[in-house]
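I would like the entire structure built from these sequences, with the hints used as guidance.
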Amino acid sequence: MRTLLITGPGGSGRTTTAAATALTAAREGTRTLLLGTDPTDTLTAVLGTPVGAGPTEITPRLTARRIDPDTGFRSDLAALQDRAASALNLLGASRLDPEETSPLPGAEELAVLRALRDTTLPEQPYDLVVVDLPPTSRALSLLALPEELRRYLRRLLPSERQAARALRPVLGRLAGVPLPAEWLYEAAARLDLQLAAVEAVLADRDTAVRLVAEPGPAGADAVRTATLGLALRGLRTEALIANRVLPETGADAEGWLAGPLAQQRKTLDEWREAYDVHPVAHLGRDPRGADDLTALAVPGPGTGRGTPDWPVTDLAHSPPFPHARLRSSGETPTSGETPTDEDGVLVWHIPLPGTHRDELDLIRRGDELIITAGPFRRAVPLPSALRRCTVDGAALREDELRIRFRPDPALWPRTR
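Residue numbers for the sequence shown, in this note's numbering: 1 to 416.
A couple of the hints might just be wrong.
Derived Cβ-Cβ restraints for the label pairs, each shown as a range [unchecked claim]:
1. E148 / G393: 52 to 60 Å
2. L193 / M1: 18 to 26 Å
3. Q124 / W256: 43 to 51 Å
4. R387 / D97: 22 to 30 Å
5. W256 / D399: 31 to 39 Å
Think of the hints as simulated: they come from the structure by calculation, not from any bench.
Note that the structure is a prediction, hence the values are computed from the model and not measured.
We put the beta carbon where it would ideally sit given N, CA and C, even for glycine.
In structure tokens:
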């Protein structure tokens, strides 16, 4: 099953593009699920058909549904109260009725993650899931959430501490403080498993992102920022939909539209150098219904060149960047690569398009590499081979962050 994530700046036409993409895929014979994440129900307005939390058939092979954070929050609250029933009874606390609660901040994001996890269930009858994500800034935070939450769980509740469960009462008395109860570790393990399933969806080679933006100065800035944030998360940009493209001919082309058209032309030329660009004409109205979505002629997924598939060596078989490369400086470089000047050094090539040297920061902390690129930051767990190395330097060349690692003799086995 493939997953296609649609995002872009606010007001760029993300929902319309997601619906048109899903409709094209369904008409090409792909069993498609269109998943809406906007609580204001923009999908109903675009499709012209009411869309609720349950599956709704829009056309043959196209099903749509909208994520309902209320239901998920209430069910989670009820389950939490059931697991903590003994503690609540001991404290004399009264339970909350799920019907009297409203979702807390963050419930919407957790509902989206749960929906992404559920797309991996074997009983799902779909070949493609098209997800209408929130605007880019929120979408990037959402996509970073599974990895960050798992990282916090590992730091706060290391699994190795649970191994001494038989000694927990003795250790508690020696330390003078109560140790975390077993149910807490069990809850953390369940949450970690659920987050790992979402991470697996995002890291899958069949998962890609389709950006949507209007061609112009503001759209160009938004796309540049989004591309950098996605690259730092190791996500592949499948295509760029240039939405609401104005006609180049007509009575207004030489009048008041001359300025916007010149900006549009310049932006499109720049985008075509770096992306698989699909211009979508402005219909002169807000698209509504299958006929309007068809008139947009948005291509189905997988029709463009997308991001090139970099070769990945065995040392970096499962890095947090699926398209990163790790090779020895002594190897013969492939076409377009710049060889290093010293043998015995491993070079990690991480694509970071759109970043600038003065916006880049790199810190090695234990077995993690903390990368800051523009407004984005990520703590990257190092592949096992690089944990036994020291950072020997880094450089930004041709939209690639190239980090040099020198093997630490004290951590590598000696050869005879």
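Hints and how they fare:
At about 28 Å, the CB distance of E148 to G393 disagrees with the hint of 52 to 60 Å. As the Cβ distance of L193 to M1 is approximately 20 Å, the hint placing it in 18 to 26 Å holds. About 50 Å separates the C-beta atoms of Q124 and W256, a value consistent with the hinted range of 43 to 51 Å. Evaluation of the 22 to 30 Å hint for R387 and D97 yields a failure: the beta carbon distance comes to about 50 Å.
A beta carbon spacing of about 37 Å between W256 and D399 agrees with the range 31 to 39 Å that was offered as a hint.
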